[in-house]
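Student: One-letter residues, chain by chain:
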Amino acid sequence: MDREIVVPGQLLSENVEESGAGTYVKEGKVYSLLYGVANLKNKISVIPFAGKYIPSRKDFVIGIVFEITSSNWIFDIGSPYDGLLHVSEYPKRVDPSMMRDIFDIGDCAILRIKDVDATMKIELTLREKGLRKIKGGRLLEVPSSKVPRVIGHNGSMVSMLKKETGCEIFVGQNGRIWINGKDENMDKLSEAIDIIIRESHISGLTDRISHFLQVNEEDNKKCRNEEDEVDTEQKESWEKMTSVNEKDSERVEKINDTGRMVDQLLDTDEN
Amino acid sequence: MKTENSNYVSINGQKFEIKNIIGESIMANKPEKFIDENGLRLDGRAVDEIRPMTIEIGVLSRADGSCYLEWGKNKILAAVYGPRELHPRRMQKPDEAIVRYRYNMAAFSVEERARPGPSRRSIEISKVSRDAFAPVIMTKYYPSAVIDVFAEVLQADAGTRTAAINAASIALADAGIPMKGLISACAVGKVDGQLVLDLNKEEDNYGNADLPIAMTQDGEISLLQMDGNLTKEEFKRALEMAKEGCKKILEIQKEALKKKFASREEVVESLVEIAEEKPDDVQKEIELIKEELETEEFDDLEEDVEQDIEEGIDVIVIKTDESDIEISEDEFTEFNEDDDLETDELEESDTLEVGEKI
Numbered sequence: 009m010d011r012e013i014v015v016p017g018q019l020l021s022e023n024v025e026e027s028g029a030g031t032y033v034k035e036g037k038v039y040s041l042l043y044g045v046a047n048l049k050n051k052i053s054v055i056p057f058a059g060k061y062i063p064s065r066k067d068f069v070i071g072i073v074f075e076i077t078s079s080n081w082i083f084d085i086g087s088p089y090d091g092l093l094h095v096s097e098y099p100k101r102v103d104p105s106m107m108r109d110i111f112d113i114g115d116c117a118i119l120r121i122k123d124v125d126a127t128m129k130i131e132l133t134l135r136e137k138g139l140r141k142i143k144g145g146r147l148l149e150v151p152s153s154k155v156p157r158v159i160g161h162n163g164s165m166v167s168m169l170k171k172e173t174g175c176e177i178f179v180g181q182n183g184r185i186w187i188n189g190k191d192e193n194m195d196k197l198s199e200a201i202d203i204i205i206r207e208s209h210i211s212g213l214t215d216r217i218s219h220f221l222q223v224n225e226e227d228n229k230k231c232r233n234e235e236d237e238v239d240t241e242q243k244e245s246w247e248k249m250t251s252v253n254e255k256d257s258e259r260v261e262k263i264n265d266t267g268r269m270v271d272q273l274l275d276t277d278e279n
Numbered sequence: 169m170k171t172e173n174s175n176y177v178s179i180n181g182q183k184f185e186i187k188n189i190i191g192e193s194i195m196a197n198k199p200e201k202f203i204d205e206n207g208l209r210l211d212g213r214a215v216d217e218i219r220p221m222t223i224e225i226g227v228l229s230r231a232d233g234s235c236y237l238e239w240g241k242n243k244i245l246a247a248v249y250g251p252r253e254l255h256p257r258r259m260q261k262p263d264e265a266i267v268r269y270r271y272n273m274a275a276f277s278v279e280e281r282a283r284p285g286p287s288r289r290s291i292e293i294s295k296v297s298r299d300a301f302a303p304v305i306m307t308k309y310y311p312s313a314v315i316d317v318f319a320e321v322l323q324a325d326a327g328t329r330t331a332a333i334n335a336a337s338i339a340l341a342d343a344g345i346p347m348k349g350l351i352s353a354c355a356v357g358k359v360d361g362q363l364v365l366d367l368n369k370e371e372d373n374y375g376n377a378d379l380p381i382a383m384t385q386d387g388e389i390s391l392l393q394m395d396g397n398l399t400k401e402e403f404k405r406a407l408e409m410a411k412e413g414c415k416k417i418l419e420i421q422k423e424a425l426k427k428k429f430a431s432r433e434e435v436v437e438s439l440v441e442i443a444e445e446k447p448d449d450v451q452k453e454i455e456l457i458k459e460e461l462e463t464e465e466f467d468d469l470e471e472d473v474e475q476d477i478e479e480g481i482d483v484i485v486i487k488t489d490e491s492d493i494e495i496s497e498d499e500f501t502e503f504n505e506d507d508d509l510e511t512d513e514l515e516e517s518d519t520l521e522v523g524e525k526i
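If you read the sequences in order, they're chains A and B.
Take the first sequence: its position 128, counting from 1, is numbered 136 in the working numbering, and each next residue is one higher.
Take the second sequence: its position 142, counting from 1, is numbered 310 in the working numbering, and each next residue is one higher.
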């Protein structure tokens, strides 16, 4: 068997060359550092069952602003270390006095980690495709060690969830998941994600979740068509909003005044 | 004070019996014999036998790692939180995490109600227990963070510090903290002039010596205390016995960890999937998902840029993304100072913008 549950300090190999992530070498032998599963492919690495999210370069994360300084937004990224988003990492030039208009305390964003230094100072960026402020939808939190299960093999789980619920999903490496769609669909989806986390160690997970969602769907089949319409409507308004968000903040305010945004805002408030 | 006649003190040549607060002689419950003619102890164990131990893992939902351990009549609840941010900041160590360990006896854990709050004894035990984990916890992985360990004694029956260490060791593993190995702890004592492993309440109270130790899997001793008197030879022998006891406990700990999941096969099956998600793969998958998102987003961006060209603002800032970042990175390594970086970058984008407008 090439996979096994290991405990810290368990001897894994006598070949130093095979030492991979989650292992250490002592006196020419490889031992496990973690409580998890040893993967004996190529090099031996140990995948932990649990553990806090430790940021690393190029990770996509979902952060929540909790402090604003004269040139940085400070994000809680669900790890022991805070993330800094410097104004220069925002896609637009921002006057320091306008920082609160772009991200206020409590606002969320999809971010990417630009750099992590030895003292664990985390630099974030928004200057990449797909990175943006989050408006509407819901934010779920799962243990970061379970993120691969939510994504599934080659993204199978996420695409299945997307297909079955018609919700938008973004899974951050830090275990935060943003979902957006109709309320009923989001309820269903968060329930499905709960099951994933609870039963992540039992095999055939994707199939079971798929089954779970389909059973639910049959109940709702009648109102399905209506839902679809509303979905597209919502999407449109959401898209408009994000595009506006990219432009200067004056316009955001204008659009915010229009009644179209009320639904979105209500959504946000609910969460 | 654990010598044979320590229940008497002599003041001015007169002997007084030590009594407890109710006035009973503290030796009132002292058994006549600790080891019977068959070599068995009061609770029926052999001299080198430990009390039965049961371990339950992950009992607290809000802790990052937890463990409930019963060892004889000892009941210990251990919880691990972290690595997490450490406040106040001045306590942070910039190059490694600190470990905080709190050993606490619940007021109801002993027959006579214990005064709640830290006592001289519990502060000392917390300190030595924390140090017992120093050789195994990889604190270097989490600079300036803190790992908090809480060990609560719910019911005490001698050897609570060793029981707490055994529980904390499991809780740390459960929390996913990188460790070079597990720590196991166990005590050896002397009763009726004979060395016995893992003292129980009576043996602890009326015995002649108590020697708790904690050790790593390699037999490296990370905690050793002694109460009472042992001869040099007895000490050596006691240490060997304690090491044997720790080895037995280590096996129990390992087994408990491996058994956490109801059926091993199920886990191994699911591991196939987990294990194949290497960090790189996960990244790629996320990027895949991103791309889907981007297709929606991208149109907006394009529009955005066009809009900007019309208005003649900010185009450069978007387009010079890459070079900007590179420059700033170079400067960052040179000066390694934020303020320099900030001003330089701001100036840079300013000049570029002006240039574009012209």
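Be careful, since some hints might not be right.
What the hints assert, rightly or not - In silico DSSO-like pairs for lysine-lysine, Cα to Cα no more than 30 Å straight-line:
hint : chain 1 : residue 1 : chain 2 : residue 2
1    : B       : 426       : A       : 49
2    : B       : 369       : B       : 261
3    : A       : 51        : B       : 198
4    : B       : 201       : A       : 34
5    : B       : 411       : B       : 295
6    : B       : 295       : B       : 416
7    : A       : 51        : B       : 348
8    : B       : 427       : A       : 51
9    : B       : 400       : A       : 154
10   : A       : 37        : B       : 416
11   : A       : 34        : B       : 426
12   : B       : 201       : B       : 295
13   : B       : 400       : B       : 428
14   : A       : 154       : B       : 422
15   : B       : 308       : B       : 400
16   : B       : 308       : B       : 404
17   : A       : 66        : B       : 348
18   : B       : 201       : B       : 261
19   : B       : 348       : B       : 426
20   : A       : 49        : B       : 348
21   : B       : 201       : B       : 308
22   : B       : 400       : B       : 411
23   : B       : 261       : A       : 129
24   : A       : 141       : A       : 100
What the hints assert, rightly or not - Pairwise CB distance ranges, derived in the manner of DEER restraints:
hint : chain 1 : residue 1 : chain 2 : residue 2 : range
25   : B       : 292       : A       : 149       : 52 to 58 Å
26   : B       : 292       : A       : 220       : 49 to 55 Å
27   : B       : 292       : A       : 108       : 46 to 52 Å
28   : B       : 268       : A       : 23        : 34 to 40 Å
29   : A       : 25        : B       : 288       : 48 to 54 Å
It should be emphasised that the hints constitute simulated quantities derived from the structure, not laboratory data.
Just so we're clear, the structure is a prediction, and the values are computed from it rather than from any experiment.
We put the beta carbon where it would ideally sit given N, CA and C, even for glycine.
Student: Hints first: check each against the structure and report whether it holds.
Tutor: Here is how each hint holds up against the structure:
| no. | hint | in the structure |
| --- | --- | --- |
| 1 | 426(B) / 49(A) | holds (21 Å) |
| 2 | 369(B) / 261(B) | violated (40 Å) |
| 3 | 51(A) / 198(B) | violated (59 Å) |
| 4 | 201(B) / 34(A) | violated (47 Å) |
| 5 | 411(B) / 295(B) | holds (22 Å) |
| 6 | 295(B) / 416(B) | holds (25 Å) |
| 7 | 51(A) / 348(B) | holds (19 Å) |
| 8 | 427(B) / 51(A) | holds (26 Å) |
| 9 | 400(B) / 154(A) | violated (53 Å) |
| 10 | 37(A) / 416(B) | holds (23 Å) |
| 11 | 34(A) / 426(B) | holds (23 Å) |
| 12 | 201(B) / 295(B) | violated (35 Å) |
| 13 | 400(B) / 428(B) | violated (42 Å) |
| 14 | 154(A) / 422(B) | holds (23 Å) |
| 15 | 308(B) / 400(B) | violated (38 Å) |
| 16 | 308(B) / 404(B) | violated (35 Å) |
| 17 | 66(A) / 348(B) | holds (29 Å) |
| 18 | 201(B) / 261(B) | violated (53 Å) |
| 19 | 348(B) / 426(B) | holds (17 Å) |
| 20 | 49(A) / 348(B) | holds (22 Å) |
| 21 | 201(B) / 308(B) | violated (51 Å) |
| 22 | 400(B) / 411(B) | holds (17 Å) |
| 23 | 261(B) / 129(A) | holds (14 Å) |
| 24 | 141(A) / 100(A) | holds (13 Å) |
| 25 | 292(B) / 149(A): 52 to 58 Å | violated (39 Å) |
| 26 | 292(B) / 220(A): 49 to 55 Å | holds (53 Å) |
| 27 | 292(B) / 108(A): 46 to 52 Å | holds (50 Å) |
| 28 | 268(B) / 23(A): 34 to 40 Å | holds (38 Å) |
| 29 | 25(A) / 288(B): 48 to 54 Å | holds (51 Å) |
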